[in-house]
Amino acid sequence: MIPSQVNFHKPNSLSEALDLLSGNQDAKLLAGGHSLIPLMKLRLNEPDSVISIGNLAELRGISDSDGSFKIGAGTTHSEIAMHQGLRQVLPVITQAAASIGDIQVRNFGTIGGSIAHADPAADWPGALLASGATLDLASQSGQRKVAASDFFQGFFSTALNGDEIITAIIIPKPPAGTRSGYLKFAQPASRFAIVGCAALVSGDPIAEIAVAFNGVSDTPFRDAGVEGALKGKTLSEEVIAKAASMAADGRDILSDHHASSAYRHHLARIYAKRTLNSLM
Amino acid sequence: MKKNSKKSHAEGHSKGLSRRGFLRGAGLTTAGTVVFTTGVQAFEAHTQPAKGTSFGPGSIGIEMKVNGRMQSLTVEPRTTLATALRDHLSLTGTKVVCDRGSCSACTVFIDGKPVNACITMALDVGDREVITIEGIARNGELHPVQEAFIEHDASQCGYCTPGMVMSCVHLLENEENPSLEDVKAATRGNLCRCGTYPHVFKATLSAAEKMK
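Chains X and D, in that order, are what the protein sequence lines are. Heads up, the first sequence is in this note's numbering, so the first residue is 1 and it goes up one at a time. Heads up, the second sequence is in this note's numbering, so the first residue is 1001 and it goes up one at a time.
Worth flagging that the hints you see were computed from the coordinates, not collected in a lab. What you are looking at is a predicted structure, and each value in this text was computed from that prediction instead of being measured. One thing to keep in mind: the hints can contain errors.
What the hints assert, rightly or not - Here are the simulated BS3-like cross-link-like pairs (lysine-lysine), alpha carbons at most 27 Å apart as the crow flies: (1) D:Lys1212 <-> D:Lys1202; (2) X:Lys70 <-> D:Lys1113; (3) X:Lys28 <-> D:Lys1210; (4) D:Lys1212 <-> D:Lys1184; (5) X:Lys242 <-> X:Lys231.
Pulled out of the complex, with its shape left as it was, chain X reads as follows:
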């Protein structure tokens, strides 16, 4: 399969990339390309131009400061999965990164590319919602911050405007002693999540709790029902089983040839239970 002919721009800086994008908002940004290129090959996406930003040094790397981690949007999943600081403080992030696709995909695919694409089955959204991440977006006219909870808006839809580039993902450091994790039921070939569950828990009794899902609905979500059933309690198998039984209740659950909505709902309960059990 061969994509349609395309113009290819290789800017040398973020500002050059923003100039190119502002001049052609129908251009597609190419970071790792692991979401875009398959769609271009199928001619489901035939952009006039691509703007390659995967090699921009400004968008790469992980820094640790001011009570938060800043992950450059062009950082690969592998680089995130192997980051020692994140692994210690926010295993939910490194576990999500390590669960993406396979080594080949993780070595080239980027966090910014994945979240901009907003595939409901991608692994990042649950982990970013649960950890209270904020995204830095840049355009020619300036910068803005958008909470991950406001960023994902539906099936392949986000708050990103046509002239904007995600530059970084900011993840606040949780209170000391916070436990976190991400588990998923993966489609065996692509390793995309049919259901993925990310959770952060701190305190005993539980003071802070976040449980988020990706893959379940067209938009990733935090599950207030499960969280409410856990807050103020001490984690035990019974408490978790009861809370997990409410997972995804009242949600519009996806159905496709991988899994019916009833099966996905079942998996959401199972993976809420497994993820929370892993944090006991």
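Once you've looked at the hints, dock chain D against the given chain X.
Chain D in isolation, oriented as in the chain X frame:
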């Protein structure tokens, strides 16, 4: 291995139309979630801005370091690394099977890391070094992983084999004492429909012993 030789491609793809039409109509999982035509935005052609370092859509000359040698090739910007290697440099050891980054048959190393050549654009390689399956044997001598694949009969139809070998070579370059679990993890992305996995695992563990 032939050196830089024929140009090529760009013609003879009209047969894909009916299949593509079918796929479009049926919806298809290229990504994790099923993509229906209605869920994908169409993009209208626009005039490109004349800024930045811009190429295309016609062919351009690029240089790429492949298996230790600088190669000059002429490619359209839409060319993937897999196509550049196979059709432009005649390095057909790299196989294209699923053509969408799921099966890892097209695994090559970019700066020592295994990546999918089928969903990496040739123009994005830049000055990084590419190693293909043709670059694994040295001076006519097979790599211990390749020898072990022969010894343990780890190949059946053979389409996944180059990618499998690349994944296993990368593992052994980074892990002297791999466990069976390590080999399974390293080849998790490599899909083999013949079911050669047990032999691949045995071959890789035996190669690890020989490399000590």
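Check your understanding: Does X:Lys231 lie within 27 Å of X:Lys242 when you go C-alpha to C-alpha?
Key -> With Cα atoms ~13 Å apart, X:Lys242 and X:Lys231 stay inside 27 Å; holds.
*asked:* Between the alpha carbons of X:Lys70 and D:Lys1113, is the straight-line distance 27 Å or under?
replied: holds, 24 Å
Next item on the list: For the pair supplied as a hint, X:Lys28 and D:Lys1210, confirm whether the alpha-carbon distance does not exceed 27 Å.
Entry: violated, 48 Å
Run the distance test for D:Lys1212 versus D:Lys1184: straight-line Cα separation, threshold 27 Å.
holds, 20 Å
27 Å limit on alpha-carbon distance, applied to hinted pair D:Lys1212 and D:Lys1202:
holds, 16 Å
Of the hints listed earlier, the one the structure fails to meet is number 3.
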